[in-house]
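Q: Taken in sequence, the protein lines are chains W and U.
Okay, so the first sequence: first residue is 0 according to numbering that gives the first Met the number 0, each after it adds one.
Okay, so the second sequence: first residue is 0 according to numbering that gives the first Met the number 0, each after it adds one.
It is possible that part of the hints are untrue.
Unchecked claim - List time: in silico SDA-like cross-link candidates among lysine to any residue, alpha-carbon distance up to 20 Å:
1. W/Lys-97 x U/Met-74
2. W/Lys-99 x U/Ala-21
3. U/Lys-78 x U/Ile-68
4. U/Lys-75 x W/Lys-99
5. U/Lys-78 x W/Leu-29
6. U/Lys-75 x W/His-85
As the list claims (entries may be wrong) - Chain U regions said to be covered by chain W (calculated; three or more residues, Cβ under 8 Å):
7. 8-14
8. 33-39
9. 50-63
10. 67-76
Think of the hints as simulated: they come from the structure by calculation, not from any bench.
By construction, the Cβ of each residue, glycine as well, lies at the ideal position given by its N, Cα and C atoms.
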Amino acid sequence: MNWEIIRELSSWACLIAGSFFCIAGAVGMLRLPDFFTRIHAASVVDSLGAGLILFGLALQAGWSTTLLKIVLTFAFMLLTGPTAVHAIAKSAIYDGYKPKLATKDDAEEQL
Amino acid sequence: MFECAATAILIVMVLTILRALAGPTLYDRILAVNTFGTATVLFIAVLGFLTGHPDFMDIALVYALINFIGTIALMKFTKYKDLGVAHEEEAA
Chain W
0 MNWEIIRELS SWACLIAGSF FCIAGAVGML RLPDFFTRIH AASVVDSLGA
50 GLILFGLALQ AGWSTTLLKI VLTFAFMLLT GPTAVHAIAK SAIYDGYKPK
100 LATKDDAEEQ L
Chain U
0 MFECAATAIL IVMVLTILRA LAGPTLYDRI LAVNTFGTAT VLFIAVLGFL
50 TGHPDFMDIA LVYALINFIG TIALMKFTKY KDLGVAHEEE AA
């Protein structure tokens, strides 16, 4: 088993795992009940989904300028993703939205 | 394999667009558009490898920059209702 096969297989595994996490985050964004829980789902797409897909592409790229661009894109997304989502959450709080926390009454309604 | 990733990212884009159209509050829509931008960056990157032009990574990098600046500009606009105001120093 040579290194080429190992590289191909790990690249496939990363791309498929990244696709899974992206879809999981998007489904969560559609299904979760309020804005502050949807932030949690969006961060899955931003960090784990994007990271795994870009890592899979980096394994395909080999040692080239493309690899450098992929690393730069990933580093930039790692910096800006949480910053942007933090700004959105802060604006929502500033605008008066509150997280929908489960109170005792809610728990009794569930039963 | 690249086709699989591209299809998954297209599904993500459809789902986030649905949230952006349905989102009850303004911030839901902005969050959905931000995630849509992330998915677009990934889609451009995968598309480059799919068609055999890895140079598409340049476009993906620039799109990531524009996506961040657009989101921050929208946040400033929703807070101050004006893009031209300077940041106010908070009096202690």
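Q: State whether the coverage of the segment 67-76 of chain U by chain W holds or is violated, taking the criterion as 3 or more residues with Cβ-Cβ distances under 8 Å.
A: Our answer is that it holds, as 4 residues pass the Cβ test (under 8 Å) against chain W, meeting three.
Q: Measure nothing beyond the straight line between the CA atoms of W/Lys-97 and U/Met-74; if it is 20 Å or shorter, mark the hint as holding.
A: holds, 18 Å
Q: When you check the alpha-carbon spacing of U/Lys-78 and U/Ile-68, does it fall within 20 Å?
A: holds, 15 Å
Q: Within 20 Å, alpha carbon to alpha carbon, are U/Lys-75 and W/His-85?
A: Judged against 20 Å, a Cα distance of about 13 Å means the pair holds.
Q: Hint check: U/Lys-78 vs W/Leu-29, CA-CA at most 20 Å. Holds or violated?
A: Distance ~26 Å between U/Lys-78 and W/Leu-29 Cα, so the pair is violated.
Q: Check the hint pairing W/Lys-99 with U/Ala-21 against an upper bound of 20 Å on the C-alpha distance.
A: Roughly 19 Å separates the two Cα atoms, so the pair holds.
Q: Tell me if chain W covers the segment 33-39 of chain U under the three-residue, 8 Å CB rule, please?
A: It holds, with 4 qualifying residues against the three required.
Q: Decide if the proposed pair is consistent with the structure: U/Lys-75 and W/Lys-99, CA atoms, cutoff 20 Å inclusive.
A: Roughly 25 Å separates the two Cα atoms, so the pair is violated.
Q: With a C-beta cutoff of 8 Å, work out whether three or more residues of the segment 8-14 of chain U approach chain W closely enough for the coverage to hold.
A: With 4 residues in contact (Cβ-Cβ under 8 Å with chain W), the coverage given for the segment 8-14 of chain U holds.
Q: Are there three or more residues in the segment 50-63 of chain U whose C-beta lies within less than 8 Å of some C-beta in chain W?
A: holds (count 7)
Checked against the numbered hints given earlier, the structure breaks hints 4, 5 and satisfies all the rest.
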